[in-house]
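There are 2 protein chains.
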Amino acid sequence: MFGVTILGNNSALPAYDRHPTAQVVTLNEQLFLIDCGEGTQMQISRYKIRRSRIHHIFISHLHGDHYFGLIGLVTSMGLLGREQELHVYAPPGLEEIVNMQLKVAVTSMPFPLIFHTLQQEGMLIDNPKFSVECFETQHRIPCWGFIIREKKKPRKIDREKAVAHDVPAAYYEKLKEGLDYERDGKLIRNEWVTFANTPARSYAFCADTKYYEAIAEKTRGVSLLYHEATYLKDLEERAIARFHSTSVQAAAIAAKAGVDRLLLGHFSSKYESLENFLTEAKEIFERTELAIEGVTYKV
Amino acid sequence: MFGVTILGNNSALPAYDRHPTAQVVTLNEQLFLIDCGEGTQMQISRYKIRRSRIHHIFISHLHGDHYFGLIGLVTSMGLLGREQELHVYAPPGLEEIVNMQLKVAVTSMPFPLIFHTLQQEGMLIDNPKFSVECFETQHRIPCWGFIIREKKKPRKIDREKAVAHDVPAAYYEKLKEGLDYERDGKLIRNEWVTFANTPARSYAFCADTKYYEAIAEKTRGVSLLYHEATYLKDLEERAIARFHSTSVQAAAIAAKAGVDRLLLGHFSSKYESLENFLTEAKEIFERTELAIEGVTYKV
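Taken in order, these protein sequences are the chains called A and B.
With our numbering, letter number 264 in the first sequence gets 264, and the count goes up by one each step, no holes.
With our numbering, letter number 211 in the second sequence gets 211, and the count goes up by one each step, no holes.
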């Protein structure tokens with residue numbers, strides 16, 4: 001399972017029961033929370049997200065609609081008796097705010113709360129199963145996007161063929177890595193005795209940004225790209241002035257980046273209906289969907 | 001109109017679609033917000049509270065379930081273009097937190113945001129129409145209750161009688177204040193020519209507290225007392241340990257204080273049903289109601 005569940009799809013002002021930005025990415029048994037607007041802990045309860053499985057929280061930038069819910073979520077985890085580490089990746093300043101909020105309440109968390117400061121593009125987490133990297137967007141204040149990638153999956157052994165070719169079982173791990181096998185000067189090609197696995201998938205969360213072509217390069221070829229689309233195309237000037245994007249700008253980035261699918265979110269509270277976002281974006285990039293709260297999109 | 005609308009009636013952990021503490025007191029055209037837990041701005045929208053009429057916000061203490069929603073509400077007011085002053089009465093520390101949150105967002109409010117530090121019991125606002133005072137409760141950290149009082153209302157002129165007694169119209173304002181009239185050595189008693197007005201009403205919000213008898217003195221005779229009741233009576237020991245009250249303790253305070261009516265809130269997320277709070281409290285103090293979100297209780 002690799003998917004993203006939308007907890008909030010609205011921009012700064014909550015409206016029409018749409019909430020500020022928050023998403024949960026599920027990768028097998030691991031949950032990642034990306035952004036944490038006000039009310040995220042309620043949305044987590046509403047959509048039955050298992051908060052104990054969240055070990056990593058990524059905060060794109062320090063506009064309130066992307067982090068005001070963090071302190072409530074964290075202190076509730078404390079009240080629920082959490083003991084596991086919680087890692088928060090955020091721009092400088094958030095740790096100080098959270099610490100001050102804990103201090104005035106004369107409280108401390110019963111679990112290690114570990115802050116990692118976002119300061120340059122690159123790898124945040126890299127382990128045998130997945131990696132998370134961050135990249136810069138162009139917003140009014142420093143702002144980061146995140147890419148979560150499955151690791152390249154091992155090939156699958158075709159046991160019948162492997163046995164027929166007399167490959168010893170001890171060599172199977174090497175076969176999975178794609179190596180050929182050599183015996184008595186004879187080469188057994190890897191592809192004769194293995195199947196390809198499904199390709200490794202990747203999800204890019206592109207946080208608040210104005211239209212910024214470099215994002216297409218940074219997110220090239222991901223399976224699913226989330227890109228903000230605060231306004232419809234007729235409000236491009238407003239989008240530029242406020243460092244946000246329009247429906248068609250998001251779609252243009254998706255097309256340039258050659259991604260499989262595009263997910264639009266961060267809709268302005270100007271819009272009660274979201275249909276036009278989809279219509280406009282699909283004219284540029286057909287494989288577009290709208291981020292709807294409570295819905296899980298497969299990566 | 002003098003009433004209180006409940007926006008959040010739950011204690012720290014949001015549960016069963018109950019929210020952390022927040023209440024709006026309406027006194028004629030004036031709205032007062034008391035406490036502002038996470039999600040208050042959404043509750044304000046949900047229950048169609050006119051946020052532009054809120055000029056005073058009172059924060060009882062700096063446990064998150066009583067103030068985490070403040071920064072979101074304030075910044076949304078800014079986005080909506082508010083220009084009127086907003087006064088926030090809170091314990092020391094909150095102003096610094098809010099300022100730091102504005103600073104990291106590189107933003108400032110388009111209206112004067114004025115903090116008043118709660119440091120001693122007494123009058124916070126005193127004008128010809130109403131007064132607001134604060135009093136200390138006993139909680140794990142410094143915590144304040146608030147009393148909002150209408151000013152004593154002028155008596156009403158009984159015009160027929162006043163004319164019959166030859167009281168000049170120029171003296172009517174004095175009659176309204178309760179003074180007698182003297183003419184040619186003859187005394188016209190005030191009550192002969194006026195009616196009593198309805199008595200001035202008062203609302204006391206008693207924030208988080210353990211059972212603390214002094215509160216009965218501080219809130220003596222108010223029309224409506226809100227008192228926290230985090231637990232049912234069988235959990236009195238837990239209530240003591242956590243500086244909270246039980247249903248029957250709240251009712252005992254109401255009885256001792258001689259208030260007209262009692263409103264219970266701040267229910268623990270342990271309880272899905274709230275019925276027992278009412279049953280237990282009514283055994284001690286009959287005129288008790290439960291604070292239910294979205295409901296307005298007349299003072």
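Think of the hints as simulated: they come from the structure by calculation, not from any bench.
Do not rely on the hints blindly, as some may be mistaken.
Copies of the same chain look alike in the list, so a pair counts if it fits in one copy or across any two.
Unchecked claim - In silico lysine-lysine, BS3-like type, Cα no more than 27 Å apart, as pairs: (1) Lys176 - Lys233; (2) Lys151 - Lys282; (3) Lys298 - Lys152; (4) Lys233 - Lys129; (5) Lys270 - Lys48; (6) Lys103 - Lys210; (7) Lys152 - Lys270; (8) Lys103 - Lys256; (9) Lys153 - Lys270; (10) Lys282 - Lys153; (11) Lys48 - Lys210.
Evaluation of the provided hints:
For the homomeric pair Lys176 and Lys233, neither the shortest alpha-carbon distance inside one copy (48 Å) nor that between copies (63 Å) is at most 27 Å. For the homomeric pair Lys151 and Lys282, neither the shortest alpha-carbon distance inside one copy (30 Å) nor that between copies (62 Å) is at most 27 Å. In this assembly of identical chains, the alpha carbons of Lys298 and Lys152 lie at most 27 Å apart only when taken from the same copy (18 Å versus 64 Å across copies). Proximity of Lys233 and Lys129 under a CA criterion of 27 Å is satisfied in neither setting, with 39 Å inside one chain copy and 51 Å between copies.
Within a single copy, Lys270 and Lys48 get their C-alpha atoms only as close as 29 Å, which misses the 27 Å cut-off; across copies the closest is 18 Å, which meets it. For a Cα distance limit of 27 Å, the shortest separation of Lys103 from Lys210 across copies, 22 Å, qualifies, whereas the shortest one inside one copy, 37 Å, does not. For the homomeric pair Lys152 and Lys270, neither the shortest alpha-carbon distance inside one copy (42 Å) nor that between copies (45 Å) is at most 27 Å. When the C-alpha separation of Lys103 and Lys256 is checked against a cutoff of 27 Å, the pair qualifies neither within a copy, at 47 Å, nor between copies, at 36 Å.
For a Cα distance limit of 27 Å, the shortest separation of Lys153 from Lys270 qualifies neither inside one copy, at 44 Å, nor across copies, at 45 Å. Taking the shortest Cα distances, Lys282 and Lys153 never come within 27 Å of each other, neither inside one copy (32 Å) nor across copies (65 Å). Proximity of Lys48 and Lys210 under a CA criterion of 27 Å is satisfied in neither setting, with 33 Å inside one chain copy and 33 Å between copies.
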